[in-house]
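One-letter residues, chain by chain:
Number of protein chains: 2
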Amino acid sequence: MMKVERKAASAKDASGILYTASTAKKNELLRAIAARLGKEIKAIRSANEIDLSNARRAGISSTLLDRLTLNEKRIAQMIDGVKDVIKLPDPVGERIQRRRRPNGLVIEKIRVPLGAVGIIYEARPNVTIDAAALCLKAGNSVLLRGGSEAIHSNGVLVGIVKKALKDVGLPTGCVEFIDTTDRKAVAEMLRQDRFLDIIIPRGSQKLIKYIQENSSVPVIAHGEGNCHLYVDSPADVKEAVEIVFNAKVQRPSVCNAAEKLLVHEKMARKFLPAVAEKLTSAGVELRGDGKTRAIVRNVRPATEDDWYREYLELIMAVKVVKNVDEAIAHINHYGSHHSDSIVTRKRSNGEKFLREVDSAAVYVNASTRFTDGFEFGLGAEIGISTQKLHARGPMGLEELTTTKFIVHGNGQVRK
Amino acid sequence: MMKVERKAASAKDASGILYTASTAKKNELLRAIAARLGKEIKAIRSANEIDLSNARRAGISSTLLDRLTLNEKRIAQMIDGVKDVIKLPDPVGERIQRRRRPNGLVIEKIRVPLGAVGIIYEARPNVTIDAAALCLKAGNSVLLRGGSEAIHSNGVLVGIVKKALKDVGLPTGCVEFIDTTDRKAVAEMLRQDRFLDIIIPRGSQKLIKYIQENSSVPVIAHGEGNCHLYVDSPADVKEAVEIVFNAKVQRPSVCNAAEKLLVHEKMARKFLPAVAEKLTSAGVELRGDGKTRAIVRNVRPATEDDWYREYLELIMAVKVVKNVDEAIAHINHYGSHHSDSIVTRKRSNGEKFLREVDSAAVYVNASTRFTDGFEFGLGAEIGISTQKLHARGPMGLEELTTTKFIVHGNGQVRK
Chain B
5 MMKVERKAAS
15 AKDASGILYT
25 ASTAKKNELL
35 RAIAARLGKE
45 IKAIRSANEI
55 DLSNARRAGI
65 SSTLLDRLTL
75 NEKRIAQMID
85 GVKDVIKLPD
95 PVGERIQRRR
105 RPNGLVIEKI
115 RVPLGAVGII
125 YEARPNVTID
135 AAALCLKAGN
145 SVLLRGGSEA
155 IHSNGVLVGI
165 VKKALKDVGL
175 PTGCVEFIDT
185 TDRKAVAEML
195 RQDRFLDIII
205 PRGSQKLIKY
215 IQENSSVPVI
225 AHGEGNCHLY
235 VDSPADVKEA
245 VEIVFNAKVQ
255 RPSVCNAAEK
265 LLVHEKMARK
275 FLPAVAEKLT
285 SAGVELRGDG
295 KTRAIVRNVR
305 PATEDDWYRE
315 YLELIMAVKV
325 VKNVDEAIAH
335 INHYGSHHSD
345 SIVTRKRSNG
355 EKFLREVDSA
365 AVYVNASTRF
375 TDGFEFGLGA
385 EIGISTQKLH
395 ARGPMGLEEL
405 TTTKFIVHGN
415 GQVRK
Chain P
5 MMKVERKAAS
15 AKDASGILYT
25 ASTAKKNELL
35 RAIAARLGKE
45 IKAIRSANEI
55 DLSNARRAGI
65 SSTLLDRLTL
75 NEKRIAQMID
85 GVKDVIKLPD
95 PVGERIQRRR
105 RPNGLVIEKI
115 RVPLGAVGII
125 YEARPNVTID
135 AAALCLKAGN
145 SVLLRGGSEA
155 IHSNGVLVGI
165 VKKALKDVGL
175 PTGCVEFIDT
185 TDRKAVAEML
195 RQDRFLDIII
205 PRGSQKLIKY
215 IQENSSVPVI
225 AHGEGNCHLY
235 VDSPADVKEA
245 VEIVFNAKVQ
255 RPSVCNAAEK
265 LLVHEKMARK
275 FLPAVAEKLT
285 SAGVELRGDG
295 KTRAIVRNVR
305 PATEDDWYRE
315 YLELIMAVKV
325 VKNVDEAIAH
335 INHYGSHHSD
345 SIVTRKRSNG
355 EKFLREVDSA
365 AVYVNASTRF
375 TDGFEFGLGA
385 EIGISTQKLH
395 ARGPMGLEEL
405 TTTKFIVHGN
415 GQVRK
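Those protein sequence lines, which keep their order, are chains B and P. For the first sequence, this note's numbering gives the first residue as 5, with consecutive numbering after it. For the second sequence, this note's numbering gives the first residue as 5, with consecutive numbering after it.
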C-alpha cells in the first residue's frame with residue numbers, strides 16, 4: 005500500500021468510530037484540541053518560523069508570507085474558532101422526513117456523517133484546524149493535504165490534534181495528514197475512492213480545475229466569483245453607490261466581491277458619474293462598453309474577455325443595458341453563478357431577478373459580500389460551493405453530512 | 005463544435021427557458037407527450053421491430069431481447085408513467101429555509117432546477133420516456149444517450165417528445181438525443197462540464213465505474229446492491245423465513261434483492277434448516293461458512309470473494325455470527341451500503357442496527373426489496389443512489405433539483 009492510500013484507509017477506519025460518536029464526545033474532543041493549542045503556542049510558532057524562513061528564502065510575495073504567518077493573534081483566533089464550533093448544534097441524527105406507508109412501514113430520513121473527507125488546500129495553515137474542527141463536529145474523519153510552504157506548521161498542528169484525540173480516547177486516524185511536498189501525493193489522493201467519500205479543494209482556480217478533472221472521488225468545488233451588480237431604473241442613486249462601492253472595494257480579493265456593474269440605460273447619466281468618482285477615488289480601474297465610455301471619461305474599453313473574468317483586484321467592468329431582461333441574460337451567460345445583486349425600487353423587477361438569475365446567491369438591494377457561512381447564519385463555513393450537487397452557496401456543518409433512510413417494519417415483504 | 009458538444013449546448017440553452025417554466029406549462033408538455041405517444045404506437049413499434057431484428061441477428065440473449073421489446077402493453081405503461089408524473093407535486097420553487105439576520109437581511113433557500121441533465125443508459129427504451137418526463141417536470145433539459153441496440157426505438161421516442169415540445173411552444177432542445185452508436189460519443193459526453201450539470205448513469209457496474217472515473221461532469225451513480233439480512237436472537241423464525249425468502253427470491257435480478265444472510269449463532273440450529281429448505285426448494289444455491297455447513301448439508305463453501313459479491317441471481321451466501329456487533333461490522337466492511345435489514349425481537353438491537361449500519365436504507369423487520377422510489381412514497385424514481393453526495397437511496401423529483409439562496413435587503417452593505 006502506498007503511503008497516501010494507507011492514510012486514506014486509516015481515516016476511513018476511524019470514520020467508523022466517529023459515525024456513532026455522541027455530540028458530547030465530539031465536543032469533548034474539540035475542547036481538548038483548543039486546550040492543547042493553547043499549551044503549544046511555542047511549538048506552533050517555531051514550526052511556523054521554519055516555514056516562514058524557507059518561504060522568504062524562496063522569495064515568495066509579502067501577501068503569501070502574510071497568509072502563512074501564525075502569530076499569537078492568529079493562534080488565538082484558531083482557538084476561538086474551535087470553541088465556536090463546540091457551540092454549533094450537531095447536525096447528526098436530525099430527522100428530516102418521516103412517512104408512514106399504507107403497508108405500515110415507517111420511513112425516516114436522518115442526517116448521518118459523510119465518512120472520510122479529503123481537504124486539499126494552499127498556503128494558510130489555520131485551515132488545518134478550522135477544517136478539522138468542522139469535519140470532526142459533523143462526525144467525519146479527515147485527510148488533509150496542505151500547501152507545501154506550510155508543511156512544518158501543518159505537521160505540528162496535526163500532531164496537536166492527534167494528541168487531543170488520544171486524550172479523549174478516539175483513534176488518531178480521525179485526522180490524517182499527508183506530510184510530503186511531493187505533488188504526486190495529490191494525484192494519488194484523487195484516486196482514493198475506496199476510502200474517501202468526498203474531496204473539498206480550496207485554493208486557486210487552476211488547482212480546483214485540476215482536481216475536478218482528475219478525481220474519482222466526488223468533489224465539491226469552490227468556483228470563481230464573477231459577481232454582478234445591476235442598477236435598475238428606478239433605483240436610489242445614493243443606496244446604489246453605497247452597495248456598488250461596498251461590493252467592489254471593501255475586500256476585493258475574495259470570491260464574493262463584485263467584478264461587474266450593469267446599469268439600466270435610463271439610470272446611466274445620473275448614476276455612472278457618481279459611482280465612477282467614488283470608485284476611482286478609491287483606486288478602482290474602470291473598464292467599460294461604448295455607452296459607459298460616452299458618459300464617463302478615462303475609462304478603457306472592456307473586451308469580450310473582461311465580461312468573463314474574475315479580477316480579485318480593484319478593477320471593475322461596466323456595461324449599460326436596456327433593461328432587467330438584458331441584465332439577467334448577461335449575468336446568466338457571462339457570470340460564474342456565484343453571487344449577483346439587483347438594486348431597484350421596482351418590486352416586480354426584484355422578484356424577476358431573484359427568480360431568473362441562476363446563481364448560488366441572488367440579492368435584491370444588498371451587497372454581494374454577504375455570501376458567507378457566518379453572514380448567512382450557518383455559524384461556520386467550510387467553503388462556498390458554486391456547483392449544483394449536494395451543496396450550493398455557503399457550506400456549514402449540515403453540508404458535511406449525508407442522509408440515510410431508516411425503515412421500521414413488522415414483517416413486511418414485497419408483493 | 006463536435007456533434008455531442010452541440011447537443012449538450014442546445015440542451016443547456018433550452019434549460020434556461022425551462023428554469024422559469026410554470027408547473028402548468030410543464031404539465032401541458034407532459035400531456036402533449038402522452039397524447040403523441042398514444043397516436044404514434046405504430047411508428048414506435050416498427051422502429052422497435054428494426055432494433056429487435058438487428059438484435060436477433062446479433063444473437064443477443066432472450067433476457068435482453070425482452071428488455072428491448074416495446075409491445076402495446078409496454079407503450080401503454082410508458083403513457084401511464086407520464087400521466088403519473090403530471091400528478092406529482094412540482095418541487096421547483098419550494099422554500100426550504102428562511103432566516104432573518106440581525107442586519108435585516110431575509111435569506112431564503114429555495115428549490116430550483118439543476119439545469120441540463122445527462123442520462124446514459126442501456127437496453128430498455130422505455131427509460132427514454134420515463135427519464136425525460138421526470139427531468140422535464142423538475143424543470144431540467146436532458147441529453148440522452150441510450151443503448152446502441154435500442155437506437156431506432158429511442159430515436160422515434162425522442163422525435164415524439166420533440167413534436168410535443170413544439171406543440172406547447174417550448175424549445176426542442178429541452179430533450180436532446182445522441183443518435184450514434186459510436187462509443188466515443190459517451191467519452192465526449194463526459195467532458196461537457198460547460199453544458200451539463202449532472203450525469204446519471206444507469207446500467208452495468210462496468211459502465212458506471214467507467215463513467216465515474218472519466219467524467220468531469222458530476223455523476224450520481226447507482227452502485228451495486230450487496231444487500232444483507234441479519235437474523236438476530238431472539239427473532240420470530242416464521243417471520244424471518246418469510247422476509248429472507250422475499251428478499252432473495254421475489255425478484256433476484258434487482259439491486260435491492262438480498263445476497264447475504266447472517267444468522268446469530270443462537271438462532272442457527274433452529275432457523276437455518278427452515279430457511280434453507282424453503283430457499284433451496286425455490287432453486288436458490290446456498291454457499292456458507294463452516295458453521296453453516298455444519299448445520300445444513302450440501303452447502304458449498306463461501307469464499308472471501310463471495311462476501312463482496314452482488315450475484316443478481318438465485319445464489320445466497322450464509323454466515324453464522326456471534327452477535328449484532330459482528331453482523332454490523334461484517335455489513336459495513338463487505339457490503340455495498342445499499343440496503344440491509346435486521347430481523348429481531350430485541351428493540352435495542354434493532355435501534356443499534358439502524359444507527360450503526362452505514363447504508364442508504366437500513367431496515368428493522370422488513371424485506372430489503374422496498375428500497376424503491378414508489379415504495380418509499382416518492383411517486384417516481386430516476387434511480388437509486390448508493391453514493392453519499394446530493395442524494396442517497398431512491399431518487400425522485402426533489403433529487404433532480406438543486407437550491408439557491410435568495411436574499412432580500414434594503415441597502416445592506418458589509419462592515
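Keep in mind the hints are simulated off the structure, nothing from the lab. No experiment lies behind these values; they were computed from the predicted model shown. One thing to keep in mind: the hints can contain errors.
Cross-link-like lysine-lysine pairs, in silico, DSS-like; alpha carbons within 25 angstroms at most [unchecked claim]: (1) B:356 <-> P:295; (2) P:77 <-> P:16; (3) B:29 <-> P:356; (4) B:43 <-> B:113; (5) B:419 <-> P:282; (6) P:282 <-> B:16; (7) B:213 <-> P:282; (8) B:113 <-> P:16; (9) B:213 <-> P:166; (10) B:419 <-> P:16.
field: Structure versus earlier hints, numbers of those that do not hold, lowest first
entry: Result: hints 1, 2, 4, 6, 7, 8, 9, 10 break, sorted rising.
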